[in-house]
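Student: Starting from the known structure of chain V, arrange chains Z and C on it as the hints suggest.
Here is what each chain is made of, one letter per residue.
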Amino acid sequence: MIEGFLKEQQTLEGDLNSDTSHKSSVEYLINWFRRRSIFVLAYGTGCGAIEMPPTFTSRYDAERLGIRGAATPRQADVIIVSGYCSYKTLRRIIRTYEQMSNPKYLLALGSCTVNGGMYWDSYNTIKKLEDYLPVDMYVNGCMPRPESILEGFIALQKEIADGKASSWEKYEENYEFYRKNQEAVLGKKVSPEYETNWYLYDGGV
Amino acid sequence: MILFDLFLILLIAYSVGFLYYGLYRNITARFQRRFGPPITQSFYDSIKFFSKEDSTSHGWMFYLGPIIMMTGAITTLFFIPFFYDRADFRGLSDYGNLFVVLYLLVVGPLGNALGVGVSGNPFAVMGVTRGLSRLFAMELPFYIAVIALISINQSADIATIASNQHETINAIAYPLLFIPALFAFIGMMGQSPFDVVGAPVEVYSGPAAEFSGKFLALLMSQGAIFSFAKLVLMVNLFLGGASGFMELLLKTFLLFLFVIAFGSLYGRFKTPQSIDFLLKVPTVIAIVGLILATWS
Amino acid sequence: MRIINTLLAFLSLALLLSFWQDNFSFYVDLALLGLHGVVVGVKTSALSNVFALLIGFSWLMVSIASFASKKNTHSTLFLWLPILSLALFLIVYTVDYLLFFVGWEVMSIVSYFILAPTLTPKALLKYILFAMASALALLMGIVILYSGAETLLYIDANHGFTLLSQQMKMILVLLMLFAFFVKIGAIGFHYWLVDSYAQADDLFTTYLSAVLSKMGIYGLIIFLTQVVDIYSLDWKILAYTIAIIGVTTSVIATFKAIKEDELKRLLAYSSIAQLGYIVTILAIAGGMGGVLYHALIHTLVKLLLFINIASIIALTNRSKLSQLGGLIYRTPHSFVLLLIGIIVLAGMPPLAGFASKYLVYTSLLDAKMLLILSAVMFASVSGFLYVYKLIYGIYLGHPTHKSLESVDEVSKWYLIPQYIIALLLVIIGAFPALIVPTLNTVLVQLHVAPIPFETSTILESPLGAYNGFVVMSAFAVIFVLVLFFVWRVKSKAKNVKNRFDIAYCGEEPTSATPLHYGYGMGQELQRVGFIAIIWKQSSASFYNALTLMLFSLSTRLRKVYTGNLASNFNWLIIFAIFLLCWGLE
Numbered sequence: 001m002i003e004g005f006l007k008e009q010q011t012l013e014g015d016l017n018s019d020t021s022h023k024s025s026v027e028y029l030i031n032w033f034r035r036r037s038i039f040v041l042a043y044g045t046g047c048g049a050i051e052m053p054p055t056f057t058s059r060y061d062a063e064r065l066g067i068r069g070a071a072t073p074r075q076a077d078v079i080i081v082s083g084y085c086s087y088k089t090l091r092r093i094i095r096t097y098e099q100m101s102n103p104k105y106l107l108a109l110g111s112c113t114v115n116g117g118m119y120w121d122s123y124n125t126i127k128k129l130e131d132y133l134p135v136d137m138y139v140n141g142c143m144p145r146p147e148s149i150l151e152g153f154i155a156l157q158k159e160i161a162d163g164k165a166s167s168w169e170k171y172e173e174n175y176e177f178y179r180k181n182q183e184a185v186l187g188k189k190v191s192p193e194y195e196t197n198w199y200l201y202d203g204g205v
Numbered sequence: 001m002i003l004f005d006l007f008l009i010l011l012i013a014y015s016v017g018f019l020y021y022g023l024y025r026n027i028t029a030r031f032q033r034r035f036g037p038p039i040t041q042s043f044y045d046s047i048k049f050f051s052k053e054d055s056t057s058h059g060w061m062f063y064l065g066p067i068i069m070m071t072g073a074i075t076t077l078f079f080i081p082f083f084y085d086r087a088d089f090r091g092l093s094d095y096g097n098l099f100v101v102l103y104l105l106v107v108g109p110l111g112n113a114l115g116v117g118v119s120g121n122p123f124a125v126m127g128v129t130r131g132l133s134r135l136f137a138m139e140l141p142f143y144i145a146v147i148a149l150i151s152i153n154q155s156a157d158i159a160t161i162a163s164n165q166h167e168t169i170n171a172i173a174y175p176l177l178f179i180p181a182l183f184a185f186i187g188m189m190g191q192s193p194f195d196v197v198g199a200p201v202e203v204y205s206g207p208a209a210e211f212s213g214k215f216l217a218l219l220m221s222q223g224a225i226f227s228f229a230k231l232v233l234m235v236n237l238f239l240g241g242a243s244g245f246m247e248l249l250l251k252t253f254l255l256f257l258f259v260i261a262f263g264s265l266y267g268r269f270k271t272p273q274s275i276d277f278l279l280k281v282p283t284v285i286a287i288v289g290l291i292l293a294t295w296s
Numbered sequence: 001m002r003i004i005n006t007l008l009a010f011l012s013l014a015l016l017l018s019f020w021q022d023n024f025s026f027y028v029d030l031a032l033l034g035l036h037g038v039v040v041g042v043k044t045s046a047l048s049n050v051f052a053l054l055i056g057f058s059w060l061m062v063s064i065a066s067f068a069s070k071k072n073t074h075s076t077l078f079l080w081l082p083i084l085s086l087a088l089f090l091i092v093y094t095v096d097y098l099l100f101f102v103g104w105e106v107m108s109i110v111s112y113f114i115l116a117p118t119l120t121p122k123a124l125l126k127y128i129l130f131a132m133a134s135a136l137a138l139l140m141g142i143v144i145l146y147s148g149a150e151t152l153l154y155i156d157a158n159h160g161f162t163l164l165s166q167q168m169k170m171i172l173v174l175l176m177l178f179a180f181f182v183k184i185g186a187i188g189f190h191y192w193l194v195d196s197y198a199q200a201d202d203l204f205t206t207y208l209s210a211v212l213s214k215m216g217i218y219g220l221i222i223f224l225t226q227v228v229d230i231y232s233l234d235w236k237i238l239a240y241t242i243a244i245i246g247v248t249t250s251v252i253a254t255f256k257a258i259k260e261d262e263l264k265r266l267l268a269y270s271s272i273a274q275l276g277y278i279v280t281i282l283a284i285a286g287g288m289g290g291v292l293y294h295a296l297i298h299t300l301v302k303l304l305l306f307i308n309i310a311s312i313i314a315l316t317n318r319s320k321l322s323q324l325g326g327l328i329y330r331t332p333h334s335f336v337l338l339l340i341g342i343i344v345l346a347g348m349p350p351l352a353g354f355a356s357k358y359l360v361y362t363s364l365l366d367a368k369m370l371l372i373l374s375a376v377m378f379a380s381v382s383g384f385l386y387v388y389k390l391i392y393g394i395y396l397g398h399p400t401h402k403s404l405e406s407v408d409e410v411s412k413w414y415l416i417p418q419y420i421i422a423l424l425l426v427i428i429g430a431f432p433a434l435i436v437p438t439l440n441t442v443l444v445q446l447h448v449a450p451i452p453f454e455t456s457t458i459l460e461s462p463l464g465a466y467n468g469f470v471v472m473s474a475f476a477v478i479f480v481l482v483l484f485f486v487w488r489v490k491s492k493a494k495n496v497k498n499r500f501d502i503a504y505c506g507e508e509p510t511s512a513t514p515l516h517y518g519y520g521m522g523q524e525l526q527r528v529g530f531i532a533i534i535w536k537q538s539s540a541s542f543y544n545a546l547t548l549m550l551f552s553l554s555t556r557l558r559k560v561y562t563g564n565l566a567s568n569f570n571w572l573i574i575f576a577i578f579l580l581c582w583g584l585e
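Note that the protein sequences, when read in sequence, are chains V, Z and C.
Going by the working numbering, the residue at position 73 of the first sequence is 73; the numbering climbs one at a time, nothing skipped.
Going by the working numbering, the residue at position 254 of the second sequence is 254; the numbering climbs one at a time, nothing skipped.
Going by the working numbering, the residue at position 411 of the third sequence is 411; the numbering climbs one at a time, nothing skipped.
So that you can see chain V by itself, here it is in the shape it has in the complex (with noise of 0.2 Å):
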C-alpha cells in the first residue's frame, strides 16, 4: 500500500503510464461520467470537517468541478473522513460506508488518518485509517487546506475515469481482513448483522 506523500508522486505521475486500452468504450464513457460527477457525503468526523465548508462554497467553489454534497450516505460517491477518527466515530463511518451505493470512494484527510497523527498514543482513536477501511486518496497536511483537498478530488477523478479507484472492490475481495480489525477495537458487533447480510450478497434487479 502506497501512501503519503509517495501517493501524491505517483497520483502526479500517473497520467504518463495510465493504462486503458483494455477498457471498452462503454466502460470509458461510465468512467467519464463518474468522474464528472461525485456527491460528497456531508459527514464530518474529524477536526478536518471544518476546511469541508469552504471547499463546498463560493470561495473555493468545488461545484465547478461536479463536487457536491449530498445528505444521505444512499446518494453519496464519496466519504470524506476528516482527520483523527475515534472508535465511536467508527462504528459510523463503517455503517455509512456500507450504505452506500457500489462503486464508491473514501476520501482521507490529514495525517491523523495515515498514521494517528497528533493523536498517536491516544487510546480511543485510530491510528492508520487503511487497516479498517479502503482508502483511495490521502490528502495530507494538518489540516489540508481547500486547495489540497481539491487536488485531492482532482487525483481521485483522474483515477476514477482510469477505473485505477476501486478501493470498494478490495474491500469486498478482503472483507474478513478489514471486519478482524474493526472487531478488533470495536468489538464483536461492529455493525448490526442484517446489513453485512445484505452488503454482501449478489443479485438484484
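Mixed in with the good hints, there may be bad ones.
Said to hold, decoys possible - Partial list, computed: chain Z residues near chain C (C-beta under 7 Å):
#1 D54
#2 G59
#3 T71
#4 G96
#5 V100
#6 V107
#7 G117
#8 T129
#9 L132
#10 Y143
#11 I147
#12 I152
#13 S155
#14 G190
Claimed, not checked - Quick list of in silico lysine-lysine cross-link-like pairs, DSS-like style, CA-CA up to 25 Å:
#15 Z/K280 with C/K492
#16 V/K127 with V/K188
#17 V/K164 with C/K490
#18 Z/K280 with C/K259
#19 V/K180 with V/K127
#20 C/K368 with C/K236
#21 V/K170 with C/K490
#22 V/K170 with C/K492
#23 V/K158 with C/K259
#24 V/K188 with C/K497
#25 C/K402 with V/K189
#26 V/K88 with V/K158
#27 V/K189 with C/K497
#28 C/K169 with C/K236
#29 V/K180 with C/K236
#30 C/K536 with Z/K270
#31 V/K170 with V/K180
#32 V/K170 with C/K497
#33 C/K492 with V/K164
#34 V/K164 with V/K189
#35 C/K259 with Z/K270
#36 C/K402 with Z/K280
Hints listed in this document are in silico derivations from the structure and should not be mistaken for laboratory results.
We put the CB at the ideal spot given by N, CA and C, even for glycine.
Tutor: Just chains Z and C now, kept in the frame of chain V:
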C-alpha cells in the same frame, strides 16, 4: 405519427429540462458569486446514478414508487400542448383538459410517496408529510386562478386558453390572478421559500433520503421532465402560450429565471409558516382577482 | 343465517337486474281506513332503480364479506340486515311520503337494534336521539305538506307545496332539511354519526356509510326536485345555503379526518366530506348528474375501504393507526385493494374517482359558483393528506408491534368483494361514460338536462371532455415502458434483508426505536391558525350547551310542575277556569 410526436415531446422535455437544471445550478452559483458547474452537470449526475453498480431497494413497492413518479411526469407532459396553433406537438392534449392535468400533477408525487413510505425511513415520511401539508395550501391559490381562467374562457382546454390571449396575455390582463399563481408555482417548482419538502439538513433530504442509484437517477430525470411540463403549463395559462420553439423556450426560460432568482434571494419558511403564508396572502389576492375577473 | 342473508341479497339483486326495464306500480287507496284521498303505493322508476341497485349491491358485498369472520360479527346483524334492506327498498320504491316515513322509521329502529350490542350507551343514546329527531322532523314536514293539497303522493306534492303560506313553506323546508342532513351527517348534524360509525360492527359500518347515508341523499333529491323546485329563481337563496352547508361540511370534515388516529373515525369523517360534495352540487341545476355519479362512486369506494379496514381489524385486533403499520408485505392483496380505494377516494385519474370529481367540478363551474368550487377543490386536495395517512398508517412504515410481523393475508371472503368492486372502479375509470346512459334516464325523469353522451370512453361536460380510456392506457403504457427501462439499466436493485436497514444518520435503529410516523402525520398543522380552530371546535360543545339549557329549563318547569297531586289539582282548576272564561267570551 402520434407516437413519433410523443417521442419528440419527451425528448425535448428531457433535454431542455436538464439544460434548465444545469442553468439553474449555474445561475444559483452566480448568485452566490461562484462559477458553478457546467450546464450539462445534471445530465452527468443522472447518467452516473444510472450506471451505479447497485441500488438499495426495500421491496416491490419501493421499486415501483419512482417509476410511478416518472410515469406521472411523462403523462402530465403529454397532456399539455406545446403550441396553441399548431397541429404537431399537441401530444394527447386533445383527449384531456386542464382538470386532468391538475390532477395528473399530483399523481406522480403521491405514487412516489408510497415508495417512500415503504422504505420505513421516518425522515423521508416527514418530508412527504411536509409536502402533502404544503400541497393543499399551495394548490388553493393556483386552483382559484385556474378556475377563474376556465370561467373567463368558458373552456377547460389548455390550447384554447392559450390562444385566447393573442391581444393581452393573462399575466397582464389579470395580474391579481397571475401573482398568486406565481407564488404557488414557486412552491410547485420546489424553490425557496416553499422548499420545506427536501430540506437536506432538517429531514435528511426528505422523500429522496432512501433512494440510491437508478431510483435517484429516475427521480432526477422525472424532475427535469416534470419541471418543463409545469413551465409549459404556466406559459400556456398566463404568458400567452407559444407558437414556435423560440417563443416557447424564451418564455419558459424567463419564467424559470424568475423562479430561481426568487428562490436564491429568500430563505426557507417552516411548514406551518408556508401554509399560513400561502393561505393568507396569495389566497386572498386570488379571491379578489377571481371576483374582479368574473364580475359581470 | 349468513347463507340465507346472502341468498336474499343475491336474489334481490338478481330480481332488480332482471326487471330493470320493466315498470311496476301498485297503489292502495286508504279511503277504506277512513283516510279520504290518501293513496299510497310503490312504483319503479329510473331513480329508484339506481338507488335500489346501490342497496342490493352493497348488501350482497357485505354479506359475502361476512363469511370471513365467525367470532367478530354479531349473529343478530344478519337477522336484521334483510329487514333493514327491505325498509331501504321501501324507501326508494315508494311514491308517497307516508310509506317513505314508514321505511325511514323502520330503518332507524332496525339500525338501533343492530347498533345496540356494540355501541357504548352514550353513543347509542346519541344515535337514537338524532334518529328520532330526524324521523319526527320528517313526520312534521309530511303533516305540513299534507295540509296543503291533502295528498301524500310525490307527484302532487309540488302542487300542495305551492298552496302553503310562505312561513309554512320555510318551516317545511327547514324540517325536511334537518331530517335528511342528520342522516347524511352534514356538519353540525354529524354529532351522532362518527361515534356510531366507529363503534358499530365493522361490516355494519360499511353498510351504514355505503347505503344508509345515501338515503339522506335520496330524500333530498326527492324533496328538492319534486316538492320544492329548488332550481327555480324563488329558491335561489336556499340553493346557495345548501351549497354552502355542503362545502363547509367537506372542508371541516376533511380537516377533522386528518387529525383522526382511529381508522373508522377517519373514514367516517371522510364519508361526511364526500357527502358534502354531493350536497353542494345537489343545489345547482346542472349538478344532478354529478350527484348520482358521485353517490355511485362513493358507495363503491366506501364499501371497498370499509371492508378492507374491517379485514385489517379482524386480522390484527387493532383499530388505530398508531398501533398498526408495515403490513404491506404481509398482506399484499389488501394493500393493492386499499391503494385502488384511496386513488378513487382522492379522485385521481386514471381511476373512476376522477370521473365523478370531474362532473362535480364542471357542474359547479358551469353554474358560476367559482368560490364554492375553489373551496371544494381545496377540500379535495387536503384529502390527500388523510388518504396517505390511512395507507401509510396501516401498510407502510414499520410494524408497531411484534404480532404484526407474523400475520398472514386476510381471509379470501374479504378479498372477493373487494376485488369485484376494484374491478368495477377500474372499468369505470377507463370507460367513464359507461354508466352515463343509465344516469341520463334518471335525469330525464327528474326533468334536468342530461349529461352529453357519445361514446363510453369520453366523459363530456359543458366545459370540455376527457377521454378516460386514453388517460388510462397512456398511463399504463408509459408505466410499462419505464418499468422495462429501469429493469434493464446497469444499476441493479438489491433488496435489503431487514427493515431496520435504513439511512438513519449512521445510527442503528432497533425495534425499540420509534420509526413509525403514522400517528404524528398532519399534527404539525395544529400551528396553522384556521386548522387549529377547526380542530378545537366541536359540535359537542353546542349540544352540551343545548343540554344545559334544557336542564335549566326543566328546573324552572319543575318549580311550577312540582309533581305532587295538590299542586297539579290547583293547575287543573286554573286551567278549567281559563277554559270557562274563554268559552264564555
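Student: For the pair supplied as a hint, Z/K280 and C/K259, is the alpha-carbon distance within the 25 Å limit?
Tutor: holds (22 Å)
Student: At a threshold of 7 Å, is the proposed contact between Z/G59 and chain C supported by beta-carbon distances?
Tutor: holds (6 Å)
Student: Below or equal to 25 Å on CA atoms is what counts here, so check V/K170 against C/K490.
Tutor: OK: V/K170 and C/K490 at ~21 Å, within 25 Å.
Student: With chain C as the partner, please determine if Z/G117 meets the hint condition of a C-beta pair closer than 7 Å.
Tutor: holds (3 Å)
Student: Taking the closest Cβ pair, is Z/I152 under 7 Å from chain C?
Tutor: violated (10 Å)
Student: Is the hinted pair C/K368 and C/K236 satisfied, with a Cα-Cα distance of at most 25 Å?
Tutor: It holds: about 13 Å lies between the C-alpha atoms, which stays within 25 Å.
Student: At a threshold of 7 Å, is the proposed contact between Z/I147 and chain C supported by beta-carbon distances?
Tutor: With Cβ-Cβ at 5 Å, under 7 Å, it holds.
Student: Please work out if V/K180 and C/K236 have their alpha carbons no farther apart than 25 Å.
Tutor: The given pair, whose Cα atoms are some 83 Å apart, is violated under the 25 Å limit.
Student: Do the numbers back the hint for Z/V107, that is, is its least Cβ distance to chain C under 7 Å?
Tutor: Check passed: Cβ of Z/V107 comes within 5 Å of chain C, closer than 7 Å.
Student: Would the hint linking V/K164 and V/K189 be met if the CA-CA limit is 25 Å?
Tutor: Judged against 25 Å, a Cα distance of about 32 Å means the pair is violated.
Student: Checking one constraint from the list: CA of V/K188 to CA of C/K497, max 25 Å. Satisfied?
Tutor: holds (20 Å)
Student: Would you check the hint for V/K170 and V/K180, treating anything up to 25 Å between C-alpha atoms as holding?
Tutor: Satisfied, since the Cα-Cα distance of roughly 15 Å is no more than 25 Å.
Hints 12, 14, 15, 23, 26, 29, 34 and 36 from the earlier list are contradicted by this structure; the remaining hints agree with it.
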